[in-house]
Amino acid sequence: MTNNPGHRSPEIDNHHPTLGAVDDYHPVGDELDILMGAWRARLPVLLKGPTGCGKTKLVESAARRLGLDLITVSCHEDMLAADLVGRYLLEGADTVWQDGPLTTAVRKGAICYLDEIVEARVDATVVIHSLADHRRQLFIDRLNEALDAPDSFMLIVSYNPGYQTLLKDLKPSTRQRFVAVELDFAPPALEHQIVKEQSGASEEAVVALIRLGQAVRHLNEPSMSEMVSTRALIAAARLHTSGLSLKRAARSAIAAMLTDDATVTRSISELIDAYVA
Amino acid sequence: MPTSPDRPTVAGLEMLARAVSGHLVCVKATNGPDQDVFLSGNTIVVDEGRLNAVTRAQVVVQAAMYDAGSFDPRVLRHLVGRSAAAARYCAMEGLRAMALTSDRLPPFVAAWAADLRDIPTTGSAEESMRIAVRRPQVPAAPEFFGRIKPGRAMLASARTGREHDSDVKIRDESGVDEADDPDTEGDETKSVNALANPLGANLPTARLWQSLFKHSGGKSADAGTQAVGGKPVARPSKRPSGGRRLDIGRRLAAAARKLIAGKYVGDARYPEWDASSKRYRNDWVTVHELEPWNPDTFRDHAALARIDMMKAPTALTRSLARNVLEIAPNGRSEFGEQLHTDGVVDLAYWHRSGSGSPPLPFIGKKRERPAVAALVLLDVSSSTLDTSAHAEGDTGSVFDQHLKLSYRITTALDALGVPVGLYAFRSWGRDMVHVMPVKGLRESPSALTIRRIGHLSPAGFTRTGGAIRHCTCILERQAEGMKRVIILVSDGHPYDDGYDGAQASGDTRHAMSEARLRGVGFICVGVTAPKSQESHDLSAALDSASALHVANISGIERQLGKLIRQALADTRRRGDHTSSAMPA
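Chains as they are written, first to last, in the numbering used here: chain L, 1 to 277; chain W, 278 to 861.
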């Protein structure tokens, strides 16, 4: 590993040196064990699951338990390899190299979590190839430098297979480098516990919200591209705890977020009427 | 959005029913003398004048019972004409269904159900039925359960094609219970009579069936097997050879005759072009949207794989990508026509720093997901049972080849990011046009899609106009603001009761024109069956620019992209059409 004297570490908002003392993640199955096992075996992990099922929470929990820094990158359509690896910036009359979040994670031996990896451009996904196989090495072409990842470094990527297609899918050559962890929404009893713990809402309110969530997930409504997530249920419960009526909270956090179709929104509002007194 | 908690709407009740049952359940409001809430087929009937909190609970319980299999015709047939036993059955099944759906039961319904302590707990619909028949002391269902009307459910099973392949055997309890119950529903009793009578040649409805089938292209036709979605008419050797099952089929066919005569009010009505009077007949065709269901001829994944349906349509995807995807700016490129501002600045940095690989200074381009939505409409009428054989080896019935083609088109378009739906259709007269959703526009192809495909089998006739109009509405509703196209996979041979010759081709042409005027492109593709129809039928019903019928699937796939592009180009922009040309 080499160090360039012109390097400086970037200030990254979601870079948490310590993630808090209390771990509020409740494993649904053996996903946490797989994640810890993969870290010990120095294997990268691909998390699959619907939006709001707890992928980020899982990664935060793993980082906390391992005592590692976590660097999260939310991938987007315009993300280039340089956005991950780093780039030169002008500073006065000079150019200064700035590490990207992936390079920072490799240098620090942290966990790098690339959220919704398929959204990134192909060059950004290909850059992780050498990190994700036996080489565990990041090549920075502009510095002509190869960084060997320390043992503590871990790469975790996530994607939601529900709304991805061939145009937005992982290349097989990328996918095959990972071990996969499939996540889904927690079963009702566990989801009840999660929502209650994270919102402080009353038992009655949580029961109504959990049943509402289960009901909406059974709908096969074409205009709804997403299902109601645990995150949305927690948001509704928190709104209620902050003083709103449960019905208004559920409409804001659930009905309005699921669809833009006015007719369907109204029908979901009526569904809320049936579940929330 | 303001709603009234005490005054639910039909749309709200329908969503509630779908949420509780997890199935495509409909809710219909009637204002007749019957104020009961009950389920018929996949429709929960409610009283328009009494929509309140109790109605909401009734819809929940009925939907839960639908999911729990409480309306299985094999069980319900033992309760036909026994209203008291049916009420007891409803009580036990309601309780059982609520236990099965307890994770999503509205809390107020769960609270009401908690007070019911006298109703026995059962483990299956059969057990509930046996207890209901034998033990009159079991209490009847409370009001908030709604009612179970076995006769109506049996009739509806004929309409939806939910046939029973084995009967539940019970000891005849007619001597024990109220076989002559004076309180039996009037309609049901009549229906039971209809069920009890075999196909009578002198009945007006029977004559209707005869008129329906005598023009079926020379094929023999059994109304019973057609109506229940059972064995296809062109394979008489595969029909049940006799006995109880055939008898039930005939009885259900008789029940379906009543429906065809116009007693059932369906889900959506559309006009039809009358070729003789040169004007539209308003509300002429009734289209029912039903889940594909036919356990008799169900084909699993392995059976469908044997007709090569599961092979990845790589060449088709590539061909469609060339014709359907749009080229859009995308990041940076080493070569190009337009400079990328940041790329040029990066290049300047690179020249000064001199390390690493040079940045890309041009704007890149790539094919992007288009703003196009498609709906593949598969003809599953019995005329597709004809076989076709040719040099490329795509042998088998036209239906199998069309099934394969439809699924390949659907998966190829889905892979390109195009919202694509797959629907199947057939008809039995103008009151029974069935449109069956196999894959919705926003669904991904999944095991559920394969399971629905497995339930498709050819039966009935081809009232193409109604199906096209219904699918045009689906696309208008679900793909607003996008370019839209309907891909009809059919032998191009519209035919139904009162729907042949100039009438059929005229209405089909009008339905296509209406679609185009509404901004929905239209094409029709299919393999040519040597003996299935005369060429003039095709040219009469479909204009040559939008139709492609060649002898093999690969020939269609090679040209499909161009056809779609042409269809989209032909479609007028939304708002360009004159409403005078359209039916009300």
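These are calculated hints, taken from the structure and not from any lab test.
The reader is advised that the hints may include incorrect statements.
[Unchecked claim] Computed cross-link-like contacts, DSBU-like style, restricted to lysine-lysine with a CA-CA straight-line distance of at most 35 Å:
id : chain 1 : residue 1 : chain 2 : residue 2
1  : L       : Lys196    : L       : Lys57
2  : L       : Lys247    : L       : Lys108
3  : L       : Lys48     : L       : Lys196
4  : L       : Lys171    : W       : Lys555
5  : W       : Lys643    : L       : Lys48
6  : L       : Lys48     : W       : Lys305
7  : W       : Lys305    : L       : Lys247
8  : W       : Lys555    : W       : Lys305
9  : W       : Lys588    : L       : Lys48
10 : W       : Lys839    : W       : Lys643
11 : L       : Lys48     : L       : Lys171
12 : L       : Lys196    : L       : Lys247
13 : W       : Lys642    : W       : Lys588
14 : W       : Lys555    : L       : Lys48
15 : W       : Lys588    : W       : Lys305
16 : L       : Lys171    : L       : Lys247
17 : W       : Lys839    : W       : Lys555
18 : L       : Lys48     : L       : Lys247
19 : L       : Lys108    : L       : Lys48
20 : W       : Lys588    : L       : Lys171
21 : L       : Lys171    : W       : Lys305
22 : W       : Lys643    : W       : Lys588
[As the list claims (entries may be wrong)] Which residues of chain L face chain W? A partial, calculated answer using Cβ under 10 Å:
id : residue
23 : Tyr25
24 : Pro27
25 : Val28
26 : Asp30
27 : Lys48
28 : Trp97
29 : Arg107
30 : Asp184
31 : Leu212
32 : Arg266
33 : Ala277
[As the list claims (entries may be wrong)] Short derived list, chain L residues pointing at chain W, Cβ under 8 Å:
id : residue
34 : Arg64
35 : Gly67
36 : Thr263
37 : Ile268
As the structure is a prediction and not an experimental result, all values here were calculated from the model.
C-beta: ideal position from N, C-alpha, C; glycine also.
Each hint, compared with the structure:
1. L:Lys196 / L:Lys57: holds, 16 Å
2. L:Lys247 / L:Lys108: violated, 47 Å
3. L:Lys48 / L:Lys196: holds, 25 Å
4. L:Lys171 / W:Lys555: violated, 57 Å
5. W:Lys643 / L:Lys48: holds, 27 Å
6. L:Lys48 / W:Lys305: violated, 40 Å
7. W:Lys305 / L:Lys247: The hint holds at about 27 Å.
8. W:Lys555 / W:Lys305: Roughly 33 Å between the alpha carbons, so the hint for Lys555 of chain W and Lys305 of chain W holds.
9. W:Lys588 / L:Lys48: With a Cα-Cα distance of about 25 Å, the restraint between Lys588 of chain W and Lys48 of chain L holds, given a limit of 35 Å.
10. W:Lys839 / W:Lys643: Status holds; Cα separation ~20 Å.
11. L:Lys48 / L:Lys171: holds, 15 Å
12. L:Lys196 / L:Lys247: The given pair, whose Cα atoms are some 17 Å apart, holds under the 35 Å limit.
13. W:Lys642 / W:Lys588: holds, 31 Å
14. W:Lys555 / L:Lys48: Violated - the C-alpha atoms of Lys48 of chain L and Lys555 of chain W are around 57 Å apart, more than 35 Å.
15. W:Lys588 / W:Lys305: violated, 41 Å
16. L:Lys171 / L:Lys247: violated, 44 Å
17. W:Lys839 / W:Lys555: Status holds; Cα separation ~34 Å.
18. L:Lys48 / L:Lys247: Roughly 32 Å between the alpha carbons, so the hint for Lys48 of chain L and Lys247 of chain L holds.
19. L:Lys108 / L:Lys48: Holds. Lys108 of chain L to Lys48 of chain L sits at ~26 Å (cutoff 35 Å).
20. W:Lys588 / L:Lys171: Roughly 20 Å between the alpha carbons, so the hint for Lys588 of chain W and Lys171 of chain L holds.
21. L:Lys171 / W:Lys305: violated, 48 Å
22. W:Lys643 / W:Lys588: holds, 27 Å
23. Tyr25: With a closest approach of 22 Å, the Tyr25 of chain L hint is violated.
24. Pro27: violated, 20 Å
25. Val28: Val28 of chain L check fails; min Cβ-Cβ to chain W is 15 Å, beyond 10 Å.
26. Asp30: violated, 23 Å
27. Lys48: violated, 13 Å
28. Trp97: holds, 9 Å
29. Arg107: Given a least distance of 18 Å, the restraint on Arg107 of chain L is violated.
30. Asp184: Violated, because the Cβ-Cβ distance from Asp184 of chain L to chain W comes to roughly 14 Å (cut-off 10 Å).
31. Leu212: holds, 8 Å
32. Arg266: holds, 5 Å
33. Ala277: holds, 7 Å
34. Arg64: violated, 31 Å
35. Gly67: Since chain W brings no Cβ nearer than about 35 Å to Gly67 of chain L, farther than 8 Å, the hint is violated.
36. Thr263: holds, 7 Å
37. Ile268: holds, 7 Å
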